[in-house]
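Student: Those protein sequence lines, which keep their order, are chains A and B.
Per our numbering, residue 1 is the first one in the first sequence, and the count goes up by one each step.
Per our numbering, residue 1001 is the first one in the second sequence, and the count goes up by one each step.
Treat the hints as calculated values from the structure; they're not laboratory data.
Where a beta carbon is used, it is the ideal one built from N, C-alpha and C, also for glycine.
Zero decoy hints are in this set.
Just the calculated beta-carbon pair ranges, DEER-fashion:
| hint | chain 1 | residue 1 | chain 2 | residue 2 | range |
| --- | --- | --- | --- | --- | --- |
| 1 | A | Asp34 | B | Ala1301 | 43 to 53 Å |
| 2 | A | Asp34 | B | Leu1069 | 39 to 49 Å |
| 3 | B | Gly1296 | A | Phe88 | 37 to 47 Å |
| 4 | B | His1374 | A | Ala37 | 36 to 46 Å |
If we take Cβ atoms under 7 Å as the criterion, some of the chain A residues that face chain B in the derived model are:
| hint | residue |
| --- | --- |
| 5 | Val55 |
| 6 | Glu83 |
| 7 | Thr111 |
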Amino acid sequence: MRLGSVPEPVLRAQFRAAGVRMRLAGLCLNLRTDVPAVIGQIVQMYEDLPLEAGVGIDDYRLRLTYASPLRRFVGRRTQIYIEGEAPFFPTPHRLAYLLVEAALNWCIRQTVSNVILHAATVEREGLAVILPAPSSSGKSTLCAALVTRGWRLLSDEHAVLRPADGRLQPIARPISLKNESIGLIRQWAPDGHFSPAFSWAIGEDIVYLRPPADSIARATETARPALIVAPAYRAGAPVTLQPLGKSETFRLLVDNCMNYHTTQRCGFDAIAGLVDSCAAWRLSYGTLEQAVDAMEALLARARMDPMTSRPTITTA
Amino acid sequence: MVEVDTPGRSPASPARTAASGARGAALLVHSMRDPASVSRLDAEALDVVLHAARRHDLLARLEHDLVGLGVLQDLPEAARRQFANARVHAQANAVTLRFEADRVRRALAGLGIRIVLLKGVAYLWAGLPPARGRFSVDIDILVPAADVGRVEWTLVNGGWQPAEMNAYDQHYYRDWMHQIPPLTHSERGVELDVHHTIFPPVSGIRIASETLLADATPVGDGLWVLSPADMVLHAATHLFQENPAGRLRDLLDLHDLLTLFGQQAGFWDSLTERARRHGLGRPLYYSLRYAADLTGTAIPAAVLARTEAAFAPDAVQLSVMDWLVRRAIVARSPGQGGGGALARFLLFTRSHWIKMPLGVLLRHAAVKLFYRMHERNAAKTG
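Can you build the whole structure from these sequences, using the hints too?
Tutor: Structural data, given as structure tokens:
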């Protein structure tokens, strides 16, 4: 059953009582909340999300509520509990949705039976591309640009690599856009479903873009990684593609691995496997059009001949 | 005697989470005592056990036992996923602890003193049953009281840093406690607690490090662990002289140690004798009582009777303690009802009462309050 297909009063009652059991990233996450405003925002952003019925085994239990009984009425602040612990600071009521997103990220990162990279991941024609980059490097923006031009969204934030088969587990959650990228993507994809803007500091806005319905419908379909592209945006810069050598690629992936120390040997093997099976490039770009064209060219090359698509140059 | 609510009550679905506190506690204790029973639970009860176990850091231990019994593969995929996750966390923790203990050993090798590992890292290094799936964040060691200065100096030169603390906290550790202020490795961030005895001397209980060190057991690579009796007494002290609220894991440590060492000839006699000598009879008595009652530890009736006669408090105090421990030891998070919050508060107060004489305790509480208000004012104005 899709979240959006449950009648709203039923859904609200379920959020208050036993919780809504959302299927995300191969996990079952149970979210309870008594904050009415946030329910509408969740429905808006997660309309197509598949739900688990009834009761069963939840991977994580989340509860979004007011920071104290007083905070329900005065200076309203909300808090999210994951398994009874509160890992984040209480947040003003109007930003409660950000707590939900942060908690979902937290749960995904705690799942150390997968190797998790800080990367956007997209897929087309059966080939997945990993875009590893630290926060605020523009990877979510590029990811949003690609998925609104026919690519499948796996995740704008995490590459979830399954050590058993080396495939990527899709997450298909709303894409978070910050500050300048908000206007950029609104222009790029005027038909997109955007959340209201959440202003969490002066001049610091976040807007979420709902993923394409097709990406959500195929969220249980894992993907084979074929390309690694390290994106670097610089306003007005010309587009350049620079091949990355194996050791450089390994270093790049380890630096962006969120649980490399916890996954130990398994994390090393999974990343080494990626380096051996994927072509790797550094992509610098000044406009989204350039970047999307470059990505399509790389994909075409990888599809034609996966072996020669690997760069042979080893010096930077 | 103490009893735990029998599991099996099925709460109505809307009130599921509210009821899962008390029910979860009972189901968890039952599952830890008899891991094979986990494979017979329905999905809803299994969910309750998994979440209670996670809150008590017991998922990885349960996983280890289920693998040992060969029943893990019979569980639903969603349960196995959680167990697999807990296993990865626990394995990584064990690697870190071993590595950190080895760094400490290398740093202190030149001093020619006995380095005794304590608690989690000791169980791990000595290959003892409580180590399975156990999660620890600190490294704890015991060194001769006379050598503490040299040890601290060597560690600080070797990359461990003392925490920044005010003069009062320094005085608290240096003059009253059984350990020096905690050290943290400047690059790896792991905390190292250096002890010179196993209970704060300010309490009046003074256990000379020499007696502990003299009986210690070598575990290879120049490292040592406490003798079986002292190891049990240290775990007992840790649990019942401090606040036992929410510490089922530590009671299970005791269960494992008593079960293992109880098979050794002369263990029970040396245990009661050492407890008398150290002045730790009362925590030993509580350990045996609650391990027998809550975790079903096999303790000879004669030993129970002997420790009861020698170390038990009066009947009123004992029934209060029964009430407190039974409510608090399995409770982990707030909102679990049943007097849990009151029990936790009383146990917290009790732990300070035992640790410090009344005069010292009042002064300590006043100074702590003063510093807290001072810090709050500083935060407001600065």
